[in-house]
Amino acid sequence: MKLIYEKSVEGRKGYFLREDPYKEISLKDCIPEYALSRTKKELPEVSEVDVVRHFTVLSKLNYGFDDGFYPLGSCTMKYNPKLNEHLALLDNFIYAHPCVDEDFVQGSLQIIYELNQYLSEITGMDQFTLSPAAGAHGELTGVLIMRKYFMDRGELRHKMLIPDSAHGTNPASAAMADFNVVEVKSNKRGGIDLVELHKLMDEDTVGLMLTNPNTVGLFDENIEEIAKVVHSKGGLLYYDGANLNALLGIARPGDAGFDIAHLNLHKTFSTPHGGGGPGAGPVGVKKHLVRYLPTPIVSYNGEKYFFEEVGEKSIGRLSAFFGNFSVLLKAYVWILSMGDEGLKETAKTSIINANYVMSKLKKFYKPVYDRFCMHECVLTGREYKKYGVKTLDIAKRLMDYGFHPPTIYFPHFEPYAEETIMIEPTESESKENIDLFIDTMIKIAEEIKAHPEIVKQAPHITPISRPDEVRAARNPTLIFKEINENR
Amino acid sequence: MKYIPNTDNEKKGMLKEIGVSSFNELIKDIPENIRLKRALSIPGPFDEEEIKERVYLIAGKNVNFFSFKPLIGAGAYRHYIPEVIKAIVSREEFYTSYTPYQPEISQGNLQSMFELQTHLAKLTGMDVVVPSLYDGASAVAEAVLMAVRITHKNRIIVSSLVHPHYREVITTYTEPHDIEIIELPFDKGCTDFSDLKNQLNANTAAVVVQSPNFFGGIENIAAIASEIHDTGALLIHSIAESISLGLLTAPADMGVDIVAGESQSFGMDLNFGGPYNGYLATKTRFLRQLPGRIAGETVDKNGKRAFVMTMRAREQDIRREKATSNICSNHALNIVAANVYLSLLGKNGLYQVALLNTKAAHYLKRKFAETNNFEVFEYPFFNEFVVKSKIDISEVKNRLSRKSFIPPLRVDRFYKKCENYLLFTVTEIFKREELDKIIEILGVSR
Ligand SMILES: Cc1ncc(COP(=O)(O)O)c(C=O)c1O
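If you read the protein sequences in the order shown, they are chains A and B.
So the first sequence is residues 5 to 491, counted in my numbering.
So the second sequence is residues 157 to 602, counted in my numbering.
Excised from the complex, chain B in its bound form (with noise of 0.2 Å):
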């Protein structure tokens, strides 16, 4: 059989050596009452050449993506990904490998880790840094759930510019455990911060920001940390483009107290939703309430450097109901992509990567300024922007599908008031004669 070594004859005999005549006997406890008694009705077995075959079919009933450009973000973005990080996720020892509970032949993935935590330290200002959660919108709802703890309060005020799918997880997390959320509107592509002062209260356990929001806009934070600060409430920052931390400002020195980002633009496909790769990023007084797994560096016997999972007392496998989280397996095959994207990429090509989306997207937003089809907003924003078509949403739509480009969201979707409001994202992967001939494409009346 595919994938299992031992012969039926080997089977055979090492029934045998256990003692027993047939398989039968060793599964006596299963009762015959539940037992399987027929075929499980299901494809296969196939053979290799037919399952590409098959596989291949469906893929096929895809839109041909490689080609088709995104003008789409939302939270998952297509930026060019290095060959070196796939050479390297795809070495066996790091893909087939489990949890480094046995350090000893592990070193390559916790030293990975520790890496990692080091470069989201030096992108968002902050002490410590869990490299690996299951995405941005669980880590946001383990911040939350860590600010509750922290403050013993369990008034939550979030922006409502936070990524709508992160709302919705922090919903189902916190649903359970007695905390009253409140919303911010939003004025054009910001959150509106004017009413904040009144919602704070002496219950706010954090206020819960997303910058760039989910408009693309880039949220002053530094202005409402203090007031924040004030009521003892807790920032969290909220983070679904972390290409962002190559130009913007450290959290850490906007105030920030908890950092819940999604790294999924450091180095990951966008695999229609995941796996991609959260992580939170704090300072070293609130660690003990961090969830999930961090590194730390040690010395072995011999007085060796050495690098082990650390900080264990937080974990469901020590403290069970106790602990600051369930999250056991994580996304770790992610810390290495981005290890590996932000090492390659380094000081100056994270740079040069933030610039070149910021402006690419700020080009085609002028260029759309001076066509008579959108309405532009005036705030400011990193790689993502909104505009008001006056063309119908589903002509976009048609005109850049015909000439391979998908579609930008419609933020109808989202907040229902906002019809033909289309959200375009423009990475780095775009070059000046694509948006040029977007325009050319939009541009035009008819």
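Next comes chain A alone, as it looks inside the complex (with noise of 0.2 Å):
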């Protein structure tokens, strides 16, 4: 499709302004020469007319929640309830200015402080902070804690450890605290090997990054014994908090051994990922590792909310602000809607939802563990390399079916998963667009064995098929150029 740019005509306007009242004043005056642009910023020249149907085409050629089952792993697609989206827009929060007096803000201050209540409620920490902007955002906070936490006790400790499943947030956070990444390998049932935790759990060692349940969907059953393993050593351990949504209530990760948690509101706790952001990674602690908290916190002295400074141990500000606000406030919408019992059900919903589809499929895609799992399943289209068709050729075919993908080659570690594809329904598709979906993944499996090429060739009815990624690589082509450069 055309580019804004490729619209554009000299001296149309989608934009009116008022006539410079000022007019005694001379811009010379206002900015010195050398910082003034000699010519005006060559953007585009379009109507408004222009702009809302470019955009609205634009967003036509994406695929959104709304439009259909997105049963994407890890990523906890779920409904955004429109009225989140409402309460986030009203005047008195959007137009709530970061700097102002505590007294201007004592509504948002009161949601921040209420929503790490429920929080801290719902996974068993102690203290949250609610500035990290995203997943990763915060495992760099509970990365920098673990630092802060023992340089603080005069320990020099170099080592994290992370499982071959973790996401690839969680060796790349711990890089950015300067920790040398040590892998822990899973064992044949799906979870840490324990053997390997100990031998691997040392006094240089900072701890362990744990997701669980893990990228494979399966909660590891050995929690306590790891939980005992790192602790033993004077380690702490990390609860990456994607995957929360499937303990809802039933469980929670500070009753399970974990001294830090981060979690995605973005994924848990409903709030939309706008094509990638923006999301929030609240991080909650216990007790003893408080006071290495971003600042500012909120607290509350019974009448009046207030920043406050979390003092000389805290690892310092990670935004320019407070974090994302709006997001925390979609969230602390959503807990009020489902309160405990919907939680639960939530997490109970999520669950039955995955198991069925692993029962449903794996005869056709075989499971890369092959036991109940937790919120999601993980199958591998590994029998269908000898047809000549990849997961990838799987995935796409979906598309001609109206399906989002699912997750896929994530997890991927050796010699368990490969070629994995990771679904997760959630709690939100109801059973009839779930089967929908095994049909699909079924007839699938027979036109790979009737006609491979229908599949090889797929998507067929989307607005592109397949690009050519290495052309976008070797030849990056990352602004829009005009052909004739020198205007």
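Hints in this document: simulated from the structure, not taken from any laboratory.
Fair warning: this is a prediction, and the values are worked out from it, not measured in the lab.
In this text, a Cβ means the ideal position worked out from N, Cα and C, and glycines have one as well.
Mixed in with the good hints, there may be bad ones.
[As the list claims (entries may be wrong)] As a list, the in silico DSS-like pairs of lysine-lysine whose alpha-carbon atoms are at most 27 Å apart: (1) Lys-366/A with Lys-184/B; (2) Lys-6/A with Lys-242/B; (3) Lys-394/A with Lys-457/B; (4) Lys-167/B with Lys-86/A; (5) Lys-394/A with Lys-460/B; (6) Lys-485/A with Lys-460/B; (7) Lys-439/B with Lys-44/A; (8) Lys-460/B with Lys-460/A; (9) Lys-167/B with Lys-366/A; (10) Lys-573/B with Lys-553/B; (11) Lys-27/A with Lys-193/B; (12) Lys-184/B with Lys-364/A; (13) Lys-184/B with Lys-367/A.
[Unchecked claim] Simulated restraints, written as ranges between beta carbons of each label pair: (14) Lys-27/A with Asn-220/B: 32 to 40 Å; (15) Glu-450/A with Gly-175/B: 22 to 30 Å; (16) Asp-107/A with Asp-164/B: 44 to 52 Å; (17) Ala-469/B with His-235/A: 47 to 55 Å.
Assemble the dimeric complex from its two separately framed chains, guided by the hints.
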């Protein structure tokens, strides 16, 4: 499709602003010559109608949750309630400036304060910071807290244990705190290999970053033993809460020995993904780590909400202001909509839905681990390799049937998890939609045997098909350049 | 249950098909010991109307911000946001979609990334752009880490007029990495660069300057670029108020190597501090050191133009601990907001908004100079300026808030020695008559 630049017509305007009422002031008297651009910046010139049409057409090239089933594993693509969107757009919230005196923003502070309490209760942690902007930002917060904790004790520890099944942000975050990443292998039941953990966990190790349920959708049944091993060497146990959906109201990371936990409000707590953000990645800690939290936090004295600096042990500041307020507000509203009963039902339904998918599909797509799963199941497309069909092809073919494909090739670790298809139906999907998805997956399995070419050439009905990614990376075209550069 | 379609009966049927007699059989892996055996102590569930009432009530505890025009900016600016932007970003195709991992059904997001990359390249004069990081603070912190990787040096010189919060975030991000940070002092409203030559040495990775700076001051960046480059260091330009780019010289034309910006002013609500949207813009030769997602143009299997996420071998999902950053989700929806804003305003509109900002701010400052209550300072500025108040600061606050203006920032909040200094921000939302009224309110001695 044409770029907005290719629709530009000289002199066309999309925005009308009143005349300059300060004619007596000359621009030259305001801005020194060395700083004043000699020409106007070459943005496009289009009308309001052009803009609205352009972006409406663009939007239709996208597939959102509201368009249909979005079983993207590890991403928890659940419904984003319209009520939340409405409340997050109230004037008193959206026009609130972050640097005003506290008495101007008692409402916003109350939301932050109460959400902190709810998240603490839901996870069993003692105190949260709501300022991290995403899961990975929360991880950065967490690893910096771990670092500070050991520095404070006068200990220098260098290693961070991370399972081979972990999400890429875990090792990347550990590296940002200058830790050496040491990989822990998964065992043949899909959990942490305890023998190896015993071997690796020592007094030079900061701790273990664990996702539980992990990225193969299994709850690590040895969690108590894992916590014991990590703590016995003075280490800290970090919880990647991307998969908290399965545990809501059933079990709490804080009761399972975790010292730090980050959550993804844009997964478990229903806030929209926005095409890849903004989300929010609050971090909760146990009492012994509260003093390291980033600054500031919101407190309440029975009358007034106010900001409080955390103190000299704090890891410092993580965001320009206090994080993604409107995202926090949406999560807050969702919690009120669900209550204890709704949270428990969320976890339960998400687990039933995932197991239902697995039980129906495991004959066709071999699971990585053939056990009951939690909120997502991880299958594989391995056996279709002999027809020349890759897992990628299966994913692409699903688009022809109107589905967003599941996550593919993640997790990836040998020898267990290869050619993975990670399916997370969430609690939002009805049985008939899930059945339709299952039938389609089975149909594709049949197609592969009968007409593999159809699958290998898929998708057939999407606006584009199989863009050349190698070319994009080899010859990067990263901005639009007019053919005639010398204007 | 709200938002959960399946009925209890359906769930029962599904359990049966799974081959279990109860839900508990599915969660046997969760040890009994750590199960929660009570109700969570949280409010709810409430129905929709109850929730609205509750939240409206809480919102009512804020001041009525819509009618309180802010004379405060300091990194978060209230500009007029055309309705078109909300209409577009509230389309479900944009706000309910995920990261564009499947380009076939994500061309909307991908093309929008590419378009914003182009807009920002035009504004900054740079070749490559990362259209979204969390905010301006994390953008400048990432730029610093990037400079350290590029130069293999570890001394960073930062202007003390870089937003104080941005400087704190730089400290947080660099703290684990044995990076030395030196601050340059300021003089009136601009950075004092007189000591820069002495501070620059062979181990300097970068100099970080914000312009317009925290006091609104426009720094003479071009004047320091060559001495920085002579030592092999990079020049990082932090921008908190990106509207200024509508009027000011493109950073690339001043010798800047990396622009680390905040694009909140391009169509994003104040929202009590977030979500905003950071961005980076730089030269092609630094492309491989950039953090975060970038869209590129290519063709599909039928030769049709297509956009994809590209240069992915920098990112965490591929490189894990060797990635250039851990960032995964960014602030993608705000890419759409900024893209729509800049497309709509276009070449003339952005210029006009920037012009109105700077003229309105200069108008107010000139008026202050005519009163006896404020001392003004001579330095070039965009839409923010510092004055020294001769009336009590709390009195200023009271007078302004009584007339529905949000008072300016007290500078001593961040610069302890600047007692009685105020940082006024004036954007295009102020009419000339309102500025006259402010002078009326503050110009009188009692
Ligand atoms: C297991 C896991 N950890 C961490 C993250 C990172 O979260 P974010 O994208 O919000 O930074 C994700 C998101 O994809 C994830 O699935």
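Given pair status - Lys-193/B, Lys-27/A, alpha carbons within 27 Å: violated (72 Å)
Hinted pair Lys-485/A and Lys-460/B, Cα distance within 27 Å: Distance ~18 Å between Lys-485/A and Lys-460/B Cα, so the pair holds.
For the hint 32 to 40 Å, verify it against the beta carbon of Lys-27/A and that of Asn-220/B. Roughly 34 Å apart at Cβ, these two residues keep to the hinted range, so it holds.
Is the hinted pair Lys-439/B and Lys-44/A satisfied, with a Cα-Cα distance of at most 27 Å? Judged against 27 Å, a Cα distance of about 21 Å means the pair holds.
Has the given pair, Lys-184/B with Lys-364/A, been kept, meaning a C-alpha gap of at most 27 Å? Holds - the C-alpha atoms of Lys-364/A and Lys-184/B are around 20 Å apart, at most 27 Å.
Hey, Lys-184/B versus Lys-367/A, does the alpha-carbon distance stay inside 27 Å? holds (23 Å)
Beta-carbon spacing of Ala-469/B to His-235/A - inside the hinted bounds 47 to 55 Å or not: violated (37 Å)
For a C-alpha distance cap of 27 Å, please report whether Lys-366/A and Lys-184/B respect it. holds (20 Å)
Does Lys-553/B lie within 27 Å of Lys-573/B when you go C-alpha to C-alpha? Holds: Lys-573/B and Lys-553/B sit about 20 Å apart, inside 27 Å.
So does Glu-450/A sit 22 to 30 Å from Gly-175/B, Cβ to Cβ? holds (24 Å)
Can the restraint linking Lys-167/B and Lys-366/A be considered satisfied, given a maximum Cα separation of 27 Å? holds (20 Å)
Is it true that Asp-107/A and Asp-164/B lie within 44 to 52 Å of each other by Cβ? Given about 48 Å between the Cβ atoms, the range holds.
Consistency note: the structure conflicts with the earlier hints numbered 11 and 17.
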